[in-house]
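Visitor: Assemble the whole structure, with the sequences as input and the hints as a guide.
Be aware that the sequence shown starts at 18, since it is given in our numbering, and climbs by one per residue.
If you're looking for bench data, these hints aren't it; they were derived computationally from the structure. Any given hint could turn out to be false.
[To be verified] As a list, the in silico DMTMM-like pairs of lysine to aspartate or glutamate whose alpha-carbon atoms are at most 25 angstroms apart:
#: 1; residue 1: K95; residue 2: E23
#: 2; residue 1: K95; residue 2: D24
#: 3; residue 1: K95; residue 2: E150
#: 4; residue 1: K95; residue 2: E21
#: 5; residue 1: K95; residue 2: E29
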Amino acid sequence: MLKEIEDYWGAENATRSGMYGALGYAGVVVFSTILLLLDQAGVQFSWLDGGMQAFLLAILGAQLGVAVLAAWRFSMGKGLIPGAITLGVFLLNLIVSVANGAIPGIIWWVAYAAIIIGLINGLRGAWAMRTMEHPGDVVETFE
Numbered sequence: 018m019l020k021e022i023e024d025y026w027g028a029e030n031a032t033r034s035g036m037y038g039a040l041g042y043a044g045v046v047v048f049s050t051i052l053l054l055l056d057q058a059g060v061q062f063s064w065l066d067g068g069m070q071a072f073l074l075a076i077l078g079a080q081l082g083v084a085v086l087a088a089w090r091f092s093m094g095k096g097l098i099p100g101a102i103t104l105g106v107f108l109l110n111l112i113v114s115v116a117n118g119a120i121p122g123i124i125w126w127v128a129y130a131a132i133i134i135g136l137i138n139g140l141r142g143a144w145a146m147r148t149m150e151h152p153g154d155v156v157e158t159f160e
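Guide: Right, dumping it as structure tokens:
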């Protein structure tokens, strides 16, 4: 579940886990965007006017941008601020969805749990790597 972050390599693995969590959230946002675009004349969003649909697409675009930024920063061993924003937005979306009665199935709950754990690991790893230095190559030890 939660990665060990006591040494540099553990913290780096935790930030990599955060990268995967952020990319998972980006995938959920892309899936939601595709559903919104395919349902322009359909049933689910047809009650929204064109301006509101454009607003929803802009919000989804912003969420995608933050998630991709967090994944990029986590891949570099950083990403504390965009990762925290991504986790906050994801949790807000999840709370609003459940409050509106959109209870997903068990597979979605497993995916959401994996995303949350990944983002939390990424935040823990990014926090730990703020004070750590790269240990260098092992080859230098034997010279």
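Visitor: Next, verify each hint and record whether it holds.
Guide: Here is how each hint holds up against the structure:
| no. | hint | in the structure |
| --- | --- | --- |
| 1 | K95 with E23 | holds, 16 angstroms |
| 2 | K95 with D24 | holds, 15 angstroms |
| 3 | K95 with E150 | holds, 13 angstroms |
| 4 | K95 with E21 | holds, 17 angstroms |
| 5 | K95 with E29 | holds, 9 angstroms |
Figure legend: structure checked against the earlier numbered hints; every hint is met.
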